[in-house]
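Residue numbers (our numbering), protein chains in the order written: chain G, 433 to 770; chain R, 433 to 770; chain Z, 433 to 770; chain E, 433 to 770.
Check the hints yourself; a few may be wrong.
Heads up, the list lumps identical chains together, so a pair's fine if it works in one copy or across two of them.
Claimed, not checked - When the alpha-carbon atoms are kept at most 30 angstroms apart in a straight line, the in silico DSSO-like pairs for lysine-lysine are as follows:
{"no.": "1", "residue 1": "K576", "residue 2": "K709"}
{"no.": "2", "residue 1": "K739", "residue 2": "K576"}
{"no.": "3", "residue 1": "K752", "residue 2": "K765"}
{"no.": "4", "residue 1": "K579", "residue 2": "K709"}
{"no.": "5", "residue 1": "K752", "residue 2": "K628"}
{"no.": "6", "residue 1": "K434", "residue 2": "K473"}
{"no.": "7", "residue 1": "K739", "residue 2": "K435"}
{"no.": "8", "residue 1": "K570", "residue 2": "K517"}
{"no.": "9", "residue 1": "K709", "residue 2": "K435"}
{"no.": "10", "residue 1": "K739", "residue 2": "K628"}
Calculated from the structure, these hints are not laboratory results.
4 protein chains.
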Amino acid sequence: MKKIKMGMVGLGRLGIQHAENIAFRVPQAELTAVCALEEDKINEVQENWGVPYGYTEYDEMIQNEELDAVFLCSPSSLHCDQIEKALDAGLHVLSEKPLGTTVEECKVAEKAVEKHPDLVFMLAFMRRYDPSYVYAKKMIDEGKVGKPFLYRGYSQDPESAIDGTLEYLAHSGGEFIDMAVHDIDAARWLLDSEPKQAWAIGGCYAYPQFAEYDDGDNVSALMKFENDAMGFLFAGRTAPHGYNVETEIIGTEGILRIGSVPQKNLVEILDQDGVRKECSQDFLERFDQAYVDELQEFVDCIIEDRKPDITVYDGTKNTKIAYDLTGSFQENKLIDIE
Amino acid sequence: MKKIKMGMVGLGRLGIQHAENIAFRVPQAELTAVCALEEDKINEVQENWGVPYGYTEYDEMIQNEELDAVFLCSPSSLHCDQIEKALDAGLHVLSEKPLGTTVEECKVAEKAVEKHPDLVFMLAFMRRYDPSYVYAKKMIDEGKVGKPFLYRGYSQDPESAIDGTLEYLAHSGGEFIDMAVHDIDAARWLLDSEPKQAWAIGGCYAYPQFAEYDDGDNVSALMKFENDAMGFLFAGRTAPHGYNVETEIIGTEGILRIGSVPQKNLVEILDQDGVRKECSQDFLERFDQAYVDELQEFVDCIIEDRKPDITVYDGTKNTKIAYDLTGSFQENKLIDIE
Amino acid sequence: MKKIKMGMVGLGRLGIQHAENIAFRVPQAELTAVCALEEDKINEVQENWGVPYGYTEYDEMIQNEELDAVFLCSPSSLHCDQIEKALDAGLHVLSEKPLGTTVEECKVAEKAVEKHPDLVFMLAFMRRYDPSYVYAKKMIDEGKVGKPFLYRGYSQDPESAIDGTLEYLAHSGGEFIDMAVHDIDAARWLLDSEPKQAWAIGGCYAYPQFAEYDDGDNVSALMKFENDAMGFLFAGRTAPHGYNVETEIIGTEGILRIGSVPQKNLVEILDQDGVRKECSQDFLERFDQAYVDELQEFVDCIIEDRKPDITVYDGTKNTKIAYDLTGSFQENKLIDIE
Amino acid sequence: MKKIKMGMVGLGRLGIQHAENIAFRVPQAELTAVCALEEDKINEVQENWGVPYGYTEYDEMIQNEELDAVFLCSPSSLHCDQIEKALDAGLHVLSEKPLGTTVEECKVAEKAVEKHPDLVFMLAFMRRYDPSYVYAKKMIDEGKVGKPFLYRGYSQDPESAIDGTLEYLAHSGGEFIDMAVHDIDAARWLLDSEPKQAWAIGGCYAYPQFAEYDDGDNVSALMKFENDAMGFLFAGRTAPHGYNVETEIIGTEGILRIGSVPQKNLVEILDQDGVRKECSQDFLERFDQAYVDELQEFVDCIIEDRKPDITVYDGTKNTKIAYDLTGSFQENKLIDIE
């Protein structure tokens, strides 16, 4: 079996997990190189998992002729430039979301993708590969819910993770770009339509620090789609119970709720607190399988010489809509999208 | 025990239930008179439950000197006029929601209530008396959820009830006034704040008939409150599973969900459809106890010479906000409230 | 409306609740007399609820010619004697479970009932009147679960109630007679068959005091029924989460679970403990409606001159089986029943 | 990284899954050989996954000097003989449950294991590696449930799988040996005690074919453990809803329920059937991760030169107890174990 030799860019918590998935959990993939700023992390990964190449310079890594593909888990503002360079170097690219932090950046990526129609480019919106979302999407496509007309999406980080969030505040791009972008993508995907109008609100209910960046610790938005469907998004940083990613699709003949209890496992506890399920505390736990399945899809696309359903244009749209919602929130006005 | 002698006005499905509650389920209440347009219904209730007086004319009934109070379950547009007349006749008044169908009507009721400070006036927003809502409100007031900052409310009729809804379409006042008014009241009550801005959207996803009245079969609204909290309402007529009244309060330290499964009873069924709970199919089943408890509160207020928490001004505000949302929906614009 | 004038015997926690139900919650019933050992309780109830007669002597009460019926909530060992006397005095009788504490006592009650075929005698096995059990029984009778072949019943008191249990230990008759008798009755009712063999086990896992009475703080039994069905009972006194009465019927085509989460209300709480429902803490809360409905059935039987489904022979059988299980537990042997 | 080269024995549904797990899902394992009766299956697996060696003769395979270990998923009656041969050939052994179909067979395996203390022998009771069971076991060991005193275990196959079961009936060894053995092992593991007495019952409630083998289509057993704890097992073949493996541990301070809804995924469906979760339909879906984790543990034991917690003696005990329960069922008597 020919293996796809991949270079992993970025070794933060998620990057490390992706690296492990490449190394061990997708048989047709091989972790050939890692690239990061921190030399100790590079060394650690290379030693532990026997990775032949390590780099602190991205430009250097993509010159490695053994590589077939790169997986970008670098800061969002670097994505588009790195995408262009990798594609120009003849490498397939899997990039973490968001595509870019400005629409201009995204346009650069679009051009690069168009210039290399023979290479696979894929965006890591992992919900599209989560087994429960995949199951729900199939039910919708089969007409099991009739006409879907309302999307409700919650993306809540547990309050226990607030320190990391606060440190990262200056670079996150804000709630809509950093978190709600997942719901923007999922709503477009599950409703199969584009939002045309929106109003975004929110506030600093627990952490005034967010206000310094004209942001809120919890925000929401109502959107009207081109096919008349409604969308309600809520993104927050103070969930008391866990990492709550919950999606509801209301249709004329059925309603689907995904993850309405973000249960950690199949254990139910009956004690002095009542009858309860403990909750997933972070995205790595909740989306463990989705991360593997998205990597598998990327590798399969390369092997089978086909393109993933999610395109670079989805990336641009998601970024643009997230920006528009940020604008609606900051100026408190109803906006037209596009 | 002195009993409060009551006259029931309106003998539709809900009116009959209220009449039965007065007659049998609140010991300190007595069903002394019924008033309706349909003579056969009057006769039936009088005979079955031994009710001494029956009327087809409201004005006649309120002259009955034996009466202490009236319960209005008449068409919404008659409420305020009937309230004024009953109070002027020296009767305590419990009125179904909404207070009135225009703000002008509501103002008439306000004046009448102010003119009779010795009489009890109460509005039948039954959720305020439902045991689960009461429990949640208490938890909020005790600080168990920290600062509540998001209200989500669903009010869905089962599709099985659509025929009745369609017949009544010309007179309902629309989704916001007829259904969402419950969530407007509950949001104001649970968030303890007033909405100041809103945007309402919706559509006819299954029943184009609603469009004839510039209404939707499913609608929603996003609201910003004076204390910065967010509110999302959804009201619909096509729920596939049952009568779904679901409320969520998200706070900085806890989240409460009321009725997220509108379960019929405590039976869980495991069969070829999976593991499931059957759902309540109408408001009479879901709010059975709430209707008794609200009646009990009204009677207790009279006996103990005190006023209920919900006031005539709540009624006016709820109606006004429902109108504002209707306007936002019909003109598709972001509106300021008040 | 002619009302059934009732005398309530016993004013413990449950007796008081029954008295209130007679007085206020079943319209066709009237609380005409109360009988108890404690004069202050009698006075309190008489004053609060305007009850004309109060007695400390049962024999005196049943001479009151105004009475139509008595409700016995006295110590179990007095039931059968009081049943006989009341029937002989021409009164209808509703008796709390168990019928008696020995089979001999039960036989006395059987004879008395046979002697007065014109009078209504009913046993207060309240699960038979609980809305969820009634719903499940109907599904079974309609064949919705196919052939029911396994009954699983849990009857668990919350550990918070242990003090009361320990005080009462000398008089309870033991776990099988005091608690498991509910599951014995429910299994016979739902499986529509009689147990023919059983083995009972248990132990003192938290409270050695039970051993003084040759009893366990938690016990269980496996039973084989005449129709080959299986029954598993578990009765315990140390439930950490609440008053857990849970019943499962496994059939060849469907499975029903009643009360598998003994939820207090419809509120779901999401907090640092996960996603949870709080639990009912005692029988009065869990079976509130069942107690009203069983009283209603008794009154309806009198008014409509018919007999309840549950008979005095059910009472005898339940007591006998509970005794047999006690024997199996104490002697640790497999027993034949009957 | 040195990889453990494994030979897979048996390529039925479960064997194929194990083969895939060796080949792709445990990085330190390598699928070097497969052995089965069906040549086409051998060829298929060899071609698809690039497996170097294929055998129809077990004795031949274990002579392959490249092999480090074998995984036995052959008919149960062959296990012990194959275990002895593999160990004698210097191979580590992972064997599917049950260890053997008679205690005599098990003793042969015990001796072989004792003879080769340097080799890893492990039994594939996969529940011990399922993340939810592992989590529950940890909670119990940490004292979170106080003293555990009741084990309840359900092992139900969906009725949809009945055809396969009926075909296999002559060779399964019966419900207790084929299915309940999982609960026997789990009860011993979670209660940390051995059963000393038991009574087993059951019947043919839907499929009289089981009676031909002196077996039932649904059976149960009550067990008393040496530490006084109680155990109730239920094993059935007619579950209407899915593959229901459900375990409850009741302790003096907490209760744990594992898998009480055998949910397929995180999707909740609200439709005309109520609010429901669809269920896992087979063991491969339910225990997907457990099968990987148990293989990982086996490989880790070899690499780290240590022994798994589960021993060959557990295998003998589980088989013996299953036999004893079968005897109790067939002769309908209370039995002493050991």
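- Item | Violations among the numbered hints, reported as their numbers in ascending order | 8, 9
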